[in-house]
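Engineer: Sequence:
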Amino acid sequence: NKGSYIFSARRGMLDATFKLIGETENTPIFYDAMGKVEYELNDKHTLSFHALRSGDQTKIRDIKPDNFDRHDTRYGNTYGWFTLRSYYKPNLSSQTLLYSGFINHTRTGRFEKYDYADKGSFNLEDKRDYGFFGLKQDWNWEISNRLILRGGVEGRQLNADYSYFNSLTDVRINAQDSLINYSETIDIDINPSGQLASAYVSSRFKLLTRLILEAGLRYDYASYTDDKLWSPRLGFA
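Residue numbering for the sequence shown follows my numbering, starting at 447 and increasing by one per position.
Hints were generated in silico from the structure; no laboratory data involved. Please note that the accuracy of each hint is not assured.
Listed next, the in silico DSBU-like pairs over lysine-lysine satisfying Cα-Cα at most 35 Å (straight line) [what the hints assert, rightly or not]:
1. K652 with K674
2. K559 with K505
3. K505 with K465
4. K448 with K565
5. K482 with K565
6. K535 with K482
7. K505 with K565
8. K582 with K674
9. K573 with K505
10. K465 with K573
11. K573 with K448
12. K674 with K573
13. K573 with K559
14. K448 with K490
15. K582 with K482
16. K535 with K490
17. K652 with K535
18. K652 with K490
19. K565 with K465
20. K582 with K490
21. K582 with K535
22. K582 with K652
23. K482 with K505
24. K559 with K465
25. K448 with K482
The whole structure should be built from the sequences, with the hints applied where relevant.
Structural biologist: What follows is the structure, encoded as structure tokens:
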């Protein structure tokens with residue numbers, strides 16, 4: 447048998463429990479699911495696929511003759527990746543990872559109230575999306591029972607969308623103690639993006655029976671901040 451798989455899914459029951467006890471103003475809903483499929487291509491290469499999805503949502507409903515209050519908040523996370531494990535020799539192996547993910551957050555709200563002491567309206571739309579995909583490869587070479595070399599590279603593309611709208615209208619008192627109609631609107635829409643790249647090399651050398659030396663060097667680059675970082679490493683264990 448060259449293949450195997452596993453799958454799991456869950457859903458929270460708080461919303462159903464709240465309804466049983468008569469609580470309908472706040473309704474939380476959440477769930478998650480994950481799966482894995484693995485297949486042995488041959489005696490040197492094994493390919494697997496992993497996926498994960500989770501989300502939650504909260505609804506608030508407070509609707510009365512003199513008040514309208516409604517808010518929705520939703521989060522979602524989706525990840526997927528392919529992994530190729532390769533064994534070229536007993537002492538030489540690599541792992542290649544192709545991955546992607548998407549994270550989103552949506553928030554909407556509306557409020558209207560009109561009575562003798564409090565008048566106003568409010569509208570909100572807030573949406574944030576973040577996605578990425580990348581490729582990563584790591585190598586492991588056991589040169590001898592005293593020396594091990596490791597190295598790897600990674601590249602990642604990042605994209606984000608941010609949309610925010612806020613409108614507020616109410617009655618306020620100014621510096622002259624007079625009632626005035628106040629209004630404010632905020633409208634933002636941006637789409638930042640960028641790339642990440644990194645590479646590293648490290649060695650592990652057994653100096654004595656109970657003394658190991660580890661040395662390495664890592665380089666990281668981020669296009670959206672133009673950061674170029676070199677990180678040397680030296681340690682004993």
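Engineer: For each hint, tell me whether it holds in the structure or not.
Structural biologist: Cross-check of the supplied hints:
1. K652 with K674: At roughly 32 Å apart (the allowed maximum being 35 Å), K674 and K652 satisfy the hint.
2. K559 with K505: 19 Å, holds
3. K505 with K465: Judged against 35 Å, a Cα distance of about 13 Å means the pair holds.
4. K448 with K565: 68 Å, violated
5. K482 with K565: 54 Å, violated
6. K535 with K482: Given pair K535, K482 holds - Cα atoms ~27 Å apart, limit 35 Å.
7. K505 with K565: 24 Å, holds
8. K582 with K674: 19 Å, holds
9. K573 with K505: 16 Å, holds
10. K465 with K573: 28 Å, holds
11. K573 with K448: Violated. K573 to K448 sits at ~44 Å, over the 35 Å cutoff.
12. K674 with K573: 31 Å, holds
13. K573 with K559: Holds, because 25 Å separates the two Cα atoms, which is no more than 35 Å.
14. K448 with K490: 12 Å, holds
15. K582 with K482: 19 Å, holds
16. K535 with K490: 9 Å, holds
17. K652 with K535: 22 Å, holds
18. K652 with K490: 28 Å, holds
19. K565 with K465: 31 Å, holds
20. K582 with K490: 19 Å, holds
21. K582 with K535: 21 Å, holds
22. K582 with K652: Answer holds: K582 to K652 is near 28 Å, not above 35 Å.
23. K482 with K505: It holds: about 32 Å lies between the C-alpha atoms, which stays within 35 Å.
24. K559 with K465: 26 Å, holds
25. K448 with K482: 14 Å, holds
In the structure shown, a violation is registered for the earlier hints numbered 4, 5, 11, in ascending order.
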